[in-house]
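Undergrad: Spelled out from the first residue to the last, the chains are:
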Amino acid sequence: MRDLAFCLLPIFGLSLVGCGDSQAAPSGLEEPVRIAGGQFIEGSFPESHASGPEVMSVNIRNLELLEGASGKSVTGLAGPGSQSVAIALQGLGHGFWVVPVGGEDLDAPGSFDWGASLSFSTNVPGTTPKLEFAASDASGNFGPLTTQTLFVKSLVPTGHVVASLTWGVDADLDLHLVAPGGKELSPKHPNTIASDADGKPVAGSGLLDHDSLASCVPDGLRTEDVVWTDAPAAGTYSVYVDMFSACGKPAANFKFSLLVDGQSVLEKAGRLLDIDADGGASSGLFVTQFTCDEGTGTCS
Amino acid sequence: MNRHISAASAVALLAALSKPLLAQSAPAQPPSLPPPPPAPTVSVEASPTAAPTAAPSADGPLQKEVSAQRADIDEQDARIDALEKQLKALKNAEPPKAPPKEPAEAPAKATAADFPLKVSGYVQAQYEFHQDSEDQLQQGGVLLNQNRFLLRRTRLKLLRDWQYGGVMIELDANTVKGAAIGLQHAEVSLAYRNQDYSPLAQVTLGLFDNPFGREVVESPRDRPFMERSLASRGFFPAEPDLGLRISGQAAWFRYSVAVVNGQPLGDRTGFALQDPNAHKDVLGRVGVDVTPSAPLRVIGGVSVLNGKGFHPGTDATKNTLIWRDNISEDGLVTLPELNGVSGVAAQPSQNFNRWLLGADLGFEVMSKLGATHVYGELSVGSNMDRNLFIADPVTTGLDERELGWYLALYQELPRGPIAGFRIDQYNPNSDVADARAGKLIPLTETVTTYAPLVGFQVPHKARLVAEWDIIHDAMARNTLGVPVDKKNNIVTIRLQGEL
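Keeping their order, the protein sequence lines are chains P and L.
Using this note's numbering, you'd call the opening residue of the first sequence number 1 and step up by one each time.
Using this note's numbering, you'd call the opening residue of the second sequence number 301 and step up by one each time.
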């Protein structure tokens, strides 16, 4: 027993050392906004003090951004006595970010430049989130709140009908659609009806928005969409998913969704194994069919 | 028991003790008693004290017989006294325990039996809790979660010495970065040995521990602390490197000098166990290992390293076209956002100087409380970090000045408990500054680790240890943007089993 007490003595004695004024430094990957090189601090946004410095200006080149945008540059000026600027999306996330101010601004003596590179999550709720800013003085007093509204555009294309394929790993999957006329849409032939003589899309034709993970180059999307801005050509469409390359992954789970005016009317899930990779030699795995009516222009 | 039987036993004991002394055969056999000599003719009833009662009257022949018996007894007493004295003298003159191997006969008569193939090994399995773990992946796929079960080391060592050399191979398997198995040591040596078979001079070629300081050459099997101190891990990512070593010992003097590639196992500059430059690192240690008085042992030394690091050049590149969405920031390509990046010619690699000085001192004391170990080490270097805060003076234009030290104490209590504490500090760059509100302010990157440990061990069989690494650094920032300590303490519980 005495031996045990002797052994545990250092632990108790040093417990005070381990409970000092330390700061957690999480990656912030779960937050709706991230700042490269910034410090994430968990908790509510700092309260304003009358004596705190103010954020004099916020400069964002384009207030519109896509879901999941990265490297959005924000710069500004902080008032005299500023040490740092706190940044957050108002009402969202678990805390706020802090960036130290830079040097004194030459055009506005006494004020300090600051800047940050912002990245956004793909699931920021709403389309008009507000960025909020506050500057701190050397005593830790934050000044008045400054806000800036952003306009977020969805990654899912807007269209009357959207056929969407999403998958879970960095493998090169391709959405193939065989249109009623027999034409097959694929990354190499990105529309369901051949373009007209001028190369312009014809009415009722769907268009593939992009080829995600082409040549296994990660793009962070893992989604491909066929979009009809007007009523699709009537008839039955067959949906296939092809694994062009497994990109070293053993399998890829996917989900196909059909959206009409933003509402999901059909969902099918499936899985492709690495042995299914064929380099685009076939249409791939048959997933489902949907039919579009001529009169209503809807599909199901 | 009567004195006659004692006398017989003493004679037998004397004979048994004399045998090994005369024959000098090792190991000493426990004294075994030969069959007792024939029973003396005089029985205990005939003792002097019993005689008067046994003789009711004085009678001539009887008295004569009694006198003769008394004389006989006196003679036997004298013989016993003489034998006891002789036995005592022999015991006092008994030589110290023979060493495990006979020094006098060694060089000429050493056989394969004296140098058997030794197979040893151990497993260190543990659970780690890191305060800064997250269930996320870092950019590039590195796991941010470090709360896990882990096979830290699984070592298997084969060792075969012979009179003029030896070979040692050690393999390591672990799951630090996924399951991996690799070579830890591969040494072939030529040796000229002392009488106790320790090498007076030994030339070793192969993969061996860098002979620098105390921690680098200390086996993780023996070290109760989980890992080496932070500075040691910065300077030597892993202990072994490829090269040539000359080492040996004479009485209390120890020496070891080596020429190595300078890219040790675990090197994170990209050339582990290879050598991108022709320069070799020269390092070595001279020290002492003395026992000034019986329970105290002192081990100390000084070490030095001088070598050249490598700054890799770049390959030639082709012209490329890139898109920077830095004008409209709308996700759409516009002409002004397209930029051409001209190809660049290959750039040459460069070497840079690096050096390291070290001193170590340790004490071991045996007492009623068991074995007490107190030791420490100090290292001062330049451009030596090859693992944590990797030095590259070619890029920065400044030599990085590094300082590291530690003090450690651990107590092995007699019935198995073990307790210890280590404080280590590492400053990877003494010339760092932080920008605050446009002003450059000196910053310390010093990392201080307090590491208390408790555990229990069964010597040479198993050891269960729990260690708490309380790390103080300046890797986080507070709301003012000022560097402060990051929450990154570590708790490790390790079970080590030995073959």
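Mixed in with the good hints there might be a few duds.
Said to hold, decoys possible - Examples of chain L residues lying across from chain P (beta carbon under 10 Å, computed):
(1) 432
(2) 437
(3) 452
(4) 738
(5) 742
(6) 781
(7) 785
To be verified - Which residues of chain P face chain L? A partial, calculated answer using Cβ under 7 Å:
(8) 22
(9) 25
(10) 27
(11) 61
(12) 63
(13) 83
(14) 84
(15) 101
(16) 103
(17) 106
(18) 136
(19) 140
(20) 141
(21) 294
By construction, these hints were calculated from the structure, which means they are not laboratory data.
Note that beta-carbon positions come from the ideal geometry of N, C-alpha and C, so glycine has one too.
Undergrad: Name the hints, by number, that the structure is in violation of.
TA: 3, 5, 12, 17, 20, 21
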